[in-house]
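Peer 1: So the chains spell out like this:
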Amino acid sequence: AQSVTQLGSHVSVSEGALVLLRCNYSSSVPPYLFWYVQYPNQGLQLLLKYTTGATLVKGINGFEAEFKKSETSFHLTKPSAHMSDAAEYFCAVSDRAGTASKLTFGTGTRLQVTL
Amino acid sequence: EAGVAQSPRYKIIEKRQSVAFWCNPISGHATLYWYQQILGQGPKLLIQFQNNGVVDDSQLPKDRFSAERLKGVDSTLKIQPAKLEDSAVYLCASSLMGWMSGNTIYFGEGSWLTVV
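Respectively, the protein sequence lines represent chains A and B. First residue of the first sequence: 1, per my numbering; consecutive thereafter. First residue of the second sequence: 1001, per my numbering; consecutive thereafter.
Be aware that a few hints might be false.
[As the list claims (entries may be wrong)] Which stretches of chain B does chain A cover? Using the computed rule of at least three CB atoms under 8 Å from a CB of chain A, they are:
id, region
1, 1037–1043
2, 1072–1084
[Unchecked claim] Restraint ranges, calculated between C-beta atoms of paired labels, are given here:
id, chain 1, residue 1, chain 2, residue 2, range
3, B, R1016, A, S14, 24 to 30 Å
4, B, P1081, A, L56, 24 to 30 Å
5, B, P1008, A, S80, 37 to 43 Å
6, A, E15, B, S1058, 42 to 48 Å
7, A, K58, B, R1016, 45 to 51 Å
8, B, L1039, A, T52, 45 to 51 Å
9, A, G53, B, E1068, 17 to 23 Å
10, A, S80, B, S1007, 25 to 31 Å
11, B, E1068, A, L20, 30 to 36 Å
12, B, D1074, A, S9, 46 to 52 Å
13, A, M83, B, G1040, 21 to 27 Å
14, A, K58, B, K1044, 40 to 46 Å
15, B, E1014, A, T55, 49 to 55 Å
16, A, S12, B, K1071, 35 to 41 Å
[To be verified] Pairs of lysine to aspartate or glutamate residues, derived as EDC-like cross-links and limited to a Cα-Cα distance of at most 20 Å, are as follows:
id, chain 1, residue 1, chain 2, residue 2
17, B, K1044, B, E1014
18, B, K1015, B, D1074
19, B, K1044, A, E71
20, B, K1078, B, E1068
21, B, K1044, A, E66
22, B, K1083, B, E1014
Source of the hints: derived by calculation from the structure; they are not laboratory data. The structure presented is a predicted model; accordingly, all values stated were derived computationally and were not measured. Note that beta-carbon positions come from the ideal geometry of N, C-alpha and C, so glycine has one too.
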């Protein structure tokens, strides 16, 4: 069975500051890892995903994440926060690709960006 | 390209009543998912369809929840009778063929259910 732990249900940063959202996973097989963003009253939007290959993954809106197998982590970062980044962020893991795949989500981290 | 469409967006019902949610996936997407997102939690998969067949319904409370995708396109999720703990956002999602490198799972805006 796979699981995801997101450390910190709420994170607050100043505009222009570094964003760091933490995600640790548990999986018995090599995982596939995802970050989704959810703006108020909207569905989830894929930010980025790691499947194979390069461990540093770049996504939309200036976000990136690094897969670290030794630390079982997939932390999300952005060098400079914008007010528009305020949202809920979910880390997710899948243990397979293809028709039988499904995503297991963490509990989410709410990012607040202040002036 | 039209996204995943869901209706109704908001629904308030009394406990023990029934409710149905409808989802129209992105055209051509064979895989359809229903997720339940309770306030303060991450989405939890209820059921996954591949065309009109069920791939995974292990977390669907089958005594009160049912879902169908008869023609392999749109889908309906029904709750009968509803309980207070069913208050949540019900998210529909779709993808071409599960997810694979190059495929993405797309989510709808969700149907918000409040049971009073």
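Peer 1: Honestly, which of those hints from before does the structure not fit?
Peer 2: 2, 3, 4, 8, 9, 10, 11, 12, 14, 16, 17, 18, 19, 21
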